[in-house]
Amino acid sequence: MTSSVKPDVTGRHLPANSGERLPVVGLLTLSGAMFISMATEFLPSGLIPQISADFGRSASDVGNMVTVFALTVILTAAPLAILTRRIPRKTIVLISFALIGAGNVVLVLAPSFEFLLGARILGAVGHGAFWTVVAAYPAYLVRPTQLAKAMAITAAGGSVAGVIGTPLGNALGQIFGWRSAFAVLAGLVIVLMLLMVWMLPAVHPHGADTKPPKTGPVGRDKSIPAILIISVLILMVVSAQISFGTYTVVWLLDVVNLAPAGVPVILFVSGIASAVGVAVTGAFYRKFPTGMFLASLATQVGILCAIPVAATMNSQIPVWILITVMGAVFGGIPVMLQTRMMQSASVGARNVAAALQTTAFNVGIGGGAFMGGAVIDHLSLTVLPFWAAICMCVALIAAVIWEIYIKRRPKKPGKKEKEAIDGVHE
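So for the sequence shown, numbering that gives the first Met the number 0 puts the first residue at 0; every next one is plus one.
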C-alpha cells in the first residue's frame, strides 16, 4: 500500500487522503515491526541463565549483550540518520529491519560468546537505523491532534514485546534452548517485512517529489533546547529502569527464590500490565501531560524502594503485585517521552529529534545494563532495586525542575505556532 503525500499547515507531509481518521493499518504495521525490534534488543535479559550456562559466562557478562547492542546503536544511529536523510523513509525501514533479522539468524548459529556479541552488533546497526526513522514516522502520517494516539498505537509494539516477547522467549529457552527464541524472531521478521511492503504507507518528507518545509539551520532552531532536555530526561529515566530491568529474571530467581516455571508467567502478567499502561497513556496524556509524567516517575521510585522489602516477606504475592504495577506504570513513560519529543520538535528539526531520541534511549539502555551489572559485581544483587530507585529519583527531580522552568518562561506564540505545537507546552 502506498499513498501520495501533501503538506498540512504545520509543514507535515500527510497522506493525500488524511483526515481525522487514524491510518490504523499503517500504524499497526509499524507497531508490529517495533515489537520485533524491541524483542530483539531485550530478549537476552530474559535468557541470561540459559546463555550463561551454555557459554560459562557470568550473569553480568551476558547482561553486557544488551550493553553492546545499545552502544552500537549510540555510535551508528546519528551518522546513519545523516547518510540516509534523502532516501525514502519506507526504504530505510525495510533495509534496516532486514539487518535486524540477519542479526537474529547469526545469533542462532553463533558458536562462541564472542561470535554472539558480533551478531548483536549487526542487529544493532539495523536497529539504530530503524528507530531513527520509525520514531518520527507517525508524525508524518497523522495530524497534531492525533499524535498521542498514534504514538500509543505504535508504542504498543514495544509493550507487546514485554507481554509475549520476553516471557515467551524465556519459556522457549527453558524448553528448547535459548537459540530457539531468536529463531522465532528471525522468522517473524520475514512475515513483518512482507506486511510492511504491502501495508505501510510511504512518506517522503524531504524526497524528490515533495518540497521540504522552509526552515533555517538546525542549530538556530528554537526547539533544539527542548529536544536536548527531553533527550537527557530519556537517558536518565531509561537508565534507571533498565539497571534493574535487565537483571529482573536473575533477581526473581536468586533473591525471591521464584521457581523457574514462574518466571515467564510473571513477565507475561507484567507485560499485559504494560500494554494497559500504554492504552491509558494514549487516552489521557493529552489532557494531563505534566501530571501523568511526574506521577509515573514518582510511583516508579516508590515501587523500586518497596520491591526489596517485599522480597523478604514469607509470601511472594507482594512481589508479583509490585512487578505488575511497575510494568503498568513504566509502560506509558516511553510513550509520554516520545510524544513530547515529536510535539516539541519543529518540522525542520524532527529528524534530528528522532536521531537524538534513539541515541538517548540506547545510552540509557546500555548505561543502565552496565550499571546494573557493576552493582551486582561490586555490591550485591539484593541492593540493585535501591540503586534503580535512587537513579529514578534523580530523574524525577530533573523533570520537576524542567517543568517549573517551562511554566515560568514567558512565551507568546502566534496562531500558526499554536497550531504547529497543538497547544502542548514545550
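To be clear, the hints were calculated from the coordinates, so they are not data collected in a lab. The C-beta atom is built at its ideal place from N, Cα and C for all residues, glycine as well. Each hint should be verified, as a subset may be incorrect.
[Said to hold, decoys possible] So the derived label-pair ranges between C-beta atoms look like this: (1) Gly186 <-> Pro317: 37 to 43 Å; (2) Gly176 <-> Asp253: 17 to 23 Å; (3) Val308 <-> Glu402: 28 to 34 Å; (4) Val399 <-> Ser379: 29 to 35 Å; (5) Ile189 <-> Ile400: 45 to 51 Å; (6) Gly261 <-> Thr289: 25 to 31 Å.
[As the list claims (entries may be wrong)] Capping the alpha-carbon separation at 27 Å, the derived lysine-lysine pairs in BS3-like fashion look like this: (7) Lys406 <-> Lys148; (8) Lys286 <-> Lys148; (9) Lys89 <-> Lys148; (10) Lys221 <-> Lys286; (11) Lys286 <-> Lys406; (12) Lys89 <-> Lys286; (13) Lys221 <-> Lys148.
Hint check:
no.: 1; hint: Gly186 <-> Pro317: 37 to 43 Å; result: holds, 38 Å
no.: 2; hint: Gly176 <-> Asp253: 17 to 23 Å; result: holds, 22 Å
no.: 3; hint: Val308 <-> Glu402: 28 to 34 Å; result: holds, 30 Å
no.: 4; hint: Val399 <-> Ser379: 29 to 35 Å; result: holds, 31 Å
no.: 5; hint: Ile189 <-> Ile400: 45 to 51 Å; result: holds, 47 Å
no.: 6; hint: Gly261 <-> Thr289: 25 to 31 Å; result: violated, 38 Å
no.: 7; hint: Lys406 <-> Lys148; result: holds, 25 Å
no.: 8; hint: Lys286 <-> Lys148; result: holds, 12 Å
no.: 9; hint: Lys89 <-> Lys148; result: holds, 21 Å
no.: 10; hint: Lys221 <-> Lys286; result: holds, 25 Å
no.: 11; hint: Lys286 <-> Lys406; result: holds, 16 Å
no.: 12; hint: Lys89 <-> Lys286; result: violated, 32 Å
no.: 13; hint: Lys221 <-> Lys148; result: holds, 26 Å
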